[in-house]
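Visitor: Single-letter residue listing:
Protein chains: 4
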Amino acid sequence: MKSIRDSVHGDLHLEEFEVRLTDTPEIQRLRRIKQLGFTYLVYPGANHSRFEHSIGTMYLASRLARNLQLDEDTHTLVRSCALLHDAGHGPFSHVSERVLDSSHEELTSKLIKESQLGDILSEKFSVKEVLKVINGEGPLGQIISGELDVDRMDYLLRDSHYTGVAYGVIDVERLIYNMKLDDGILLLQSKGVQAAESMLLARYFMYPSVYQHHTTRIVNSMFRRCLGKLLEKKVINEHEIYRYDDTDIISLARSEEGYIQDIMGRLDTRQLYKRVYSLKFDDIDNPKRIFQMSDLTIQKVEEEIAGDLGVDKDFILVDVPEYPIFHEMSTPVSLNGDTVMLGDISNLVMALKDVRFNHADLCIYLPEEYADSASKLNFIDYLNL
Amino acid sequence: MKSIRDSVHGDLHLEEFEVRLTDTPEIQRLRRIKQLGFTYLVYPGANHSRFEHSIGTMYLASRLARNLQLDEDTHTLVRSCALLHDAGHGPFSHVSERVLDSSHEELTSKLIKESQLGDILSEKFSVKEVLKVINGEGPLGQIISGELDVDRMDYLLRDSHYTGVAYGVIDVERLIYNMKLDDGILLLQSKGVQAAESMLLARYFMYPSVYQHHTTRIVNSMFRRCLGKLLEKKVINEHEIYRYDDTDIISLARSEEGYIQDIMGRLDTRQLYKRVYSLKFDDIDNPKRIFQMSDLTIQKVEEEIAGDLGVDKDFILVDVPEYPIFHEMSTPVSLNGDTVMLGDISNLVMALKDVRFNHADLCIYLPEEYADSASKLNFIDYLNL
Amino acid sequence: MKSIRDSVHGDLHLEEFEVRLTDTPEIQRLRRIKQLGFTYLVYPGANHSRFEHSIGTMYLASRLARNLQLDEDTHTLVRSCALLHDAGHGPFSHVSERVLDSSHEELTSKLIKESQLGDILSEKFSVKEVLKVINGEGPLGQIISGELDVDRMDYLLRDSHYTGVAYGVIDVERLIYNMKLDDGILLLQSKGVQAAESMLLARYFMYPSVYQHHTTRIVNSMFRRCLGKLLEKKVINEHEIYRYDDTDIISLARSEEGYIQDIMGRLDTRQLYKRVYSLKFDDIDNPKRIFQMSDLTIQKVEEEIAGDLGVDKDFILVDVPEYPIFHEMSTPVSLNGDTVMLGDISNLVMALKDVRFNHADLCIYLPEEYADSASKLNFIDYLNL
Amino acid sequence: MKSIRDSVHGDLHLEEFEVRLTDTPEIQRLRRIKQLGFTYLVYPGANHSRFEHSIGTMYLASRLARNLQLDEDTHTLVRSCALLHDAGHGPFSHVSERVLDSSHEELTSKLIKESQLGDILSEKFSVKEVLKVINGEGPLGQIISGELDVDRMDYLLRDSHYTGVAYGVIDVERLIYNMKLDDGILLLQSKGVQAAESMLLARYFMYPSVYQHHTTRIVNSMFRRCLGKLLEKKVINEHEIYRYDDTDIISLARSEEGYIQDIMGRLDTRQLYKRVYSLKFDDIDNPKRIFQMSDLTIQKVEEEIAGDLGVDKDFILVDVPEYPIFHEMSTPVSLNGDTVMLGDISNLVMALKDVRFNHADLCIYLPEEYADSASKLNFIDYLNL
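Chains as they are written, first to last, in UniProt numbering: chain F, 1 to 385; chain S, 1 to 385; chain G, 1 to 385; chain R, 1 to 385.
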């Protein structure tokens with residue numbers, strides 16, 4: 001047994017098997033991946049790593065498993081899956097994901113299969129079984145990656161602790177205590193509905209404050225363009241993105257010349273691109289079209305604007321907002337013997353269905369030195385929406 | 001006015017002048033310097049940066065300045081000095097300091113003079129004045145770098161928040177409220193004695209738990225050897241150490257071959273050297289001699305052990321403990337009209353004078369693969385103590 | 001200057017004038033009035049007093065006043081009003097209010113006028129001016145008792161701290177920082193909208209969890225009946241209810257015989273009445289009629305049920321829910337130069353308009369020993385809704 | 001199973017047997033006994049009850065029992081004892097204890113035997129066994145009432161939470177995790193020594209700040225005199241002191257005339273006696289004599305002073321400080337196979353042996369109106385020390 005002091009949950013205890021998993025280079029790499037990418041340029045405390053989040057998720061998975069009275073082997077399975085669930089994340093976590101062809105779940109599966117993680121796991125479980133759980137299949141999968149999973153609980157608490165934004169403080173105890181396994185389905189008991197509503201709202205409030213804070217979006221867009229260029233030039237091997245850490249990417253970018261070096265230099269010195277345009281959802285009909293803009297379309301828009309401004313096309317960043325997914329809405333709830341969906345019985349959640357798009361807007365960023373000339377453009381014309 | 005959300009103190013407000021100082025590459029670099037170096041290998045949450053600490057110190061300096069009723073210009077001076085006080089820190093903060101010839105205070109002075117920081121400052125103050133305050137001279141210097149300074153208050157609170165070790169939680173309000181300027185000397189009022197005792201003990205408890213945790217000492221020794229080698233090979237320019245960030249050093253080390261690459265690889269994968277020997281203070285006469293061991297002596301000991309083990313001398317790390325300095329003991333206290341020293345009126349502080357050496361021990365580390373052969377050696381014989 | 005350590009806000013500082021107000025028996029009495037009445041029978045930590053809340057409100061008022069850059073006299077006026085705003089509360093705070101003919105605001109005005117509080121105040125201000133502010137008139141009144149007032153901020157934070165229910169943790173800094181006085185109106189800046197939404201939701205979640213928790217409602221109903229009887233028998237002088245503290249009422253009730261002694265004994269030993277009926281809003285048409293049921297109607301219902309059960313009518317408690325008022329919805333917000341209402345621009349707040357009735361239900365309670373016989377009754381028939 | 005939300009530890013879960021114990025009038029009475037007596041006149045948040053502390057202690061006992069891997073029955077026994085350990089406390093907890101002939105442990109034993117608590121307990125255990133544990137006998141007794149017991153851990157955390165004084169924040173996890181049962185003795189593992197030192201210091205700092213704060217001592221002395229008078233007049237039955245709650249005593253005192261009513265009125269309105277004399281330990285030889293002053297001696301001193309001042313003897317309160325007991329010093333520690341005492345291996349604890357008397361002083365209080373005349377007296381002459 002080994003114990004690790006976590007700043008959010010206190011002392012976490014690892015069994016020998018878990019220590020072996022943790023001690024692999026694949027899991028240790030997560031110490032060098034920032035959980036919130038470049039958000040530390042907005043919230044200076046947001047330097048926490050995916051490693052902390054992984055062991056924190058393992059801890060919550062363990063509490064939920066105990067509450068569900070899982071047998072010891074299943075308990076260990078759930079803990080191991082929680083520990084590994086993010087192993088495939090590329091540098092800077094989700095920020096890099098949008099540039100890659102594979103999701104972090106796919107990459108995690110690939111990494112586990114080809115690394116010693118698979119070997120260690122197969123001493124106790126079939127790797128296939130593990131991957132199913134990590135990918136959210138079956139009742140155990142619901143614990144790690146379901147509508148109301150421990151992954152989300154941990155990151156809300158953790159991101160609050162490190163950013164200093166209190167919105168993410170949720171009632172984990174009430175949530176975990178009110179989950180039951182029923183006929184192979186993970187159900188929320190009706191007594192936990194309020195805690196679930198509150199968690200949904202916590203996440204909703206974290207969006208504009210942290211995850212989609214307007215400056216966070218600028219730095220993320222800048223970094224994504226930088227990473228895209230590195231991939232394009234094959235400086236980085238996309239298929240092994242889970243071998244790199246944040247340091248690798250930054251130092252590779254610094255060693256490049258031209259555009260890549262320039263944009264990394266701006267990130268280093270926090271000389272950020274400026275937002276020159278914001279298209280709010282209220283401003284157009286059928287605004288959800290925005291989410292469907294293809295990469296090709298976006299690229300074309302960028303090229304046109306760049307052409308008219310007389311600058312390189314990579315200086316124009318058209319930032320389509322992330323679709324605000326709230327799987328929690330479909331959490332199955334046990335209510336008077338029936339199973340219903342949270343979104344169907346909670347008027348507050350119902351309201352959130354629309355409200356969540358409130359803060360979404362399409363933005364255009366470019367270097368400060370071109371902001372003046374850009375102010376003469378009529379951006380809506382380029383968008384063809 | 002700009003506001004920054006700090007995870008420890010809440011919203012911090014910056015005036016335009018301070019924003020300009022903060023926006024320099026010199027201060028932005030501090031975002032990429034970990035406050036506690038490689039301690040994140042022991043406490044996974046300890047990823048916080050020297051940037052956060054700098055603005056946190058500015059905040060506390062501001063509260064103290066307001067309590068002392070300083071005029072507006074002096075207030076700004078104190079704030080600026082607090083913001084800049086750590087600007088010269090090398091990568092990984094204090095860990096690198098022991099390898100360098102200059103202290104971080106000297107480097108800070110040099111950096112301010114030769115960078116745009118000096119230019120901005122000189123719009124309002126003489127740079128000389130600023131450097132005096134940063135170096136702890138005069139009553140204003142006492143605020144930033146004195147016996148009971150805001151620098152220490154901030155790092156205790158901050159290191160507690162991020163490591164999850166509660167010992168550093170101190171009563172900042174009571175401390176600040178009980179400081180008074182009297183005839184150019186910053187005095188603690190007697191009502192604040194207990195808060196000061198408690199802060200001293202907080203720091204004392206943080207030593208073995210965090211700052212000198214036995215694993216922290218191993219990783220720090222490993223990194224220092226690595227950095228020493230980089231300096232020796234002139235891969236890094238010692239005189240401009242304040243131009244590098246953590247990422248620079250790590251990627252430079254990774255690009256090297258042989259020993260440097262090896263030891264950085266071990267840090268990356270957390271395959272740490274093992275402690276094969278610990279000499280406790282109780283085990284020898286006049287133990288304080290240990291602190292006086294010269295670098296040359298240490299090197300000789302390492303060489304001899306290496307020779308007998310038949311390994312390269314750099315695989316042997318003799319780690320002399322840091323002398324536990326507690327300047328707080330000499331805090332001047334105003335007591336019934338007299339000025340006395342905290343250490344003279346507090347029996348608890350008096351007791352701490354000896355107690356602080358309790359946890360100090362000289363240690364020897366080497367790679368795990370040599371630990372077995374090393375166990376046959378009689379280390380005390382090499383030390384000549 | 002005097003300082004008081006508050007468990008929520010830390011050290012609070014009082015000027016000499018405020019110390020004199022605080023030292024009156026009228027304000028000291030508030031130490032002996034529980035902020036949440038009998039809620040401590042549900043949340044054992046909810047023993048906090050209206051005194052703490054009063055000085056906490058004064059502290060927040062002070063921060064807001066400083067942010068609004070009020071001059072020193074006005075600042076003191078606001079602080080004094082915050083300190084006194086609840087002075088007229090009867091024992092057990094709001095629980096008693098529903099039984100009385102006067103609101104606690106009216107009683108506060110009366111008490112200030114007839115006690116030494118008025119004398120002290122009139123050294124600096126006109127009492128009329130003070131009462132206007134306390135009653136929410138004018139821009140200063142908005143600070144203490146407006147749509148988004150410091151009273152509410154304090155009680156949410158405080159009730160969270162003492163009950164252990166985290167929902168009430170709100171972003172006071174962001175709220176206060178985003179309030180501005182504009183042409184005599186206290187406006188929320190648009191940057192603070194999210195913090196206001198979040199506060200509204202915090203309060204919404206506190207309702208079913210704490211303020212209208214189903215057991216809280218039972219104990220409150222029991223106590224109100226007990227108090228009603230004491231008033232009826234003129235054991236207590238309603239017109240001087242602000243002279244009594246919690247202890248007075250309890251010991252007066254214990255000294256009585258019959259029903260009063262019985263029900264107080266049940267509260268003392270936590271042998272609570274049982275809920276035998278709950279009419280949810282969804283169960284009837286036009287449910288808001290419930291809020292309009294007159295005391296006489298309720299009494300008649302109770303009598304009829306008691307008659308059919310063959311018990312004394314005071315054993316039947318028909319509990320009409322409190323109308324969930326959310327004045328925050330009409331908070332004036334400054335948005336692009338216009339002034340709009342929070343409820344008009346926030347879809348989330350709009351949603352809350354209906355959602356807030358979700359948890360409201362009409363309940364019927366009676367002693368456990370009659371619960372069995374009561375289960376045969378068809379309660380809806382008695383209600384004539 | 002029932003769950004209770006505690007503001008310090010979160011959700012606590014009670015088994016059916018424990019619910020029955022909790023639902024007795026004897027345990028419910030503890031909701032109406034303030035944990036820190038009249039300390040709320042100094043720290044306005046200190047209104048917490050002995051009930052909260054009892055269930056909090058049960059929770060910590062449970063965590064320790066689980067760590068010690070006790071079997072289920074023994075676990076329940078330990079939990080029940082923790083829940084009941086303070087059942088015999090008189091009103092206002094420890095404040096009343098000094099006036100009574102029996103300790104609260106003796107009263108607890110008596111109460112359990114003569115009430116239904118004994119009947120319920122004897123369904124599962126022998127009452128004798130329970131009393132042994134509550135009184136600290138045997139290894140289980142050490143959990144509840146030993147050198148390093150869960151009672152102390154809970155009250156330090158709880159008193160910190162409610163007073164806002166951070167000193168009591170201790171590392172409960174580390175303490176509990178490092179306790180082991182060895183041959184029937186509860187031992188601290190050497191890895192927990194620092195946490196134990198820190199807890200000892202936490203308690204040490206809480207003394208002058210809270211438990212023996214100079215104003216706390218005044219209000220406690222006032223109340224003790226009041227209670228003494230009530231006992232003397234047989235208004236209260238000393239042998240059944242555990243039948244009364246705080247409200248009973250206050251209302252009984254208010255109904256009295258003369259001295260008793262006067263002093264209770266002063267407590268109600270916080271018109272406290274003034275300290276006119278303080279004899280510090282440094283001022284006399286062999287100062288520990290002070291602790292040995294008999295009640296008779298004290299009474300004589302009070303009479304003589306009263307005589308010379310021409311006032312009733314009850315207006316003079318000579319307050320001998322409490323002997324600062326730190327049983328934690330004798331905590332048995334397992335160190336390299338041996339069992340040693342904490343005080344013998346920790347220099348810090350050794351230092352505390354003397355230091356703890358630093359804040360102790362003998363004080364004399366009397367009503368403000370006599371303070372002037374009293375200032376002419378030479379108090380040391382009356383003391384015969």
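Read the hints as simulated data drawn from the structure, not as lab findings. Worth double-checking, as some hints may not be accurate.
Remember, identical chains collapse to one label, so a pair may be satisfied in a single copy or spanning two.
To be verified - Quick list of in silico lysine-lysine cross-link-like pairs, DSS-like style, CA-CA up to 27 angstroms:
(1) Lys280 - Lys353
(2) Lys376 - Lys34
(3) Lys234 - Lys191
(4) Lys280 - Lys300
(5) Lys180 - Lys124
(6) Lys34 - Lys2
(7) Lys233 - Lys313
(8) Lys376 - Lys124
(9) Lys180 - Lys353
(10) Lys376 - Lys180
It should be emphasised that the depicted structure is a prediction, and the values quoted were computed from it without experimental measurement.
Visitor: Can you tell me if Lys376 and Lys180 fall within 27 angstroms by alpha carbon in one copy, between copies, both or neither?
Guide: Classified as neither; 59 angstroms inside a copy, 33 angstroms across copies.
Visitor: With identical chains, the pair Lys280 and Lys300 could be close in the same copy or across copies; at 27 angstroms between alpha carbons, which is it: within, between, both, or neither?
Guide: within (21 angstroms within a copy, 56 angstroms between copies)
Visitor: I want to check one pair: Lys280 and Lys353. Are their C-alpha atoms no more than 27 angstroms apart within a copy, between two copies, both, or neither?
Guide: both (17 angstroms within a copy, 25 angstroms between copies)
Visitor: Pop the pair Lys180 and Lys124 into one bin, within, between, both or neither, using alpha-carbon distances up to 27 angstroms.
Guide: This pair counts as within: shortest intra-copy Cα distance 26 angstroms, inter-copy 31 angstroms.
Visitor: Can you tell me if Lys233 and Lys313 fall within 27 angstroms by alpha carbon in one copy, between copies, both or neither?
Guide: Result: close within a single copy only, 16 angstroms intra versus 42 angstroms inter.
Visitor: Checking Lys180 and Lys353: alpha-carbon separation at most 27 angstroms within a copy, between copies, both or neither?
Guide: within (26 angstroms within a copy, 32 angstroms between copies)
Visitor: Should Lys376 paired with Lys124 be assigned to within, between, both, or neither, using CA atoms and 27 angstroms as the limit?
Guide: neither (64 angstroms within a copy, 38 angstroms between copies)
Visitor: If the cut is 27 angstroms between Cα atoms, do Lys234 and Lys191 qualify within a copy, between copies, both or neither?
Guide: neither (53 angstroms within a copy, 43 angstroms between copies)
Visitor: Treating 27 angstroms as the Cα threshold, decide for Lys376 and Lys34: within, between, both or neither.
Guide: neither (38 angstroms within a copy, 43 angstroms between copies)
Visitor: State whether the alpha carbon distance between Lys34 and Lys2 is at most 27 angstroms within one copy, between copies, both, or neither.
Guide: both (24 angstroms within a copy, 25 angstroms between copies)
When the structure is compared with the earlier hints, violations turn up for hints 2, 3, 8 and 10 and for no others.
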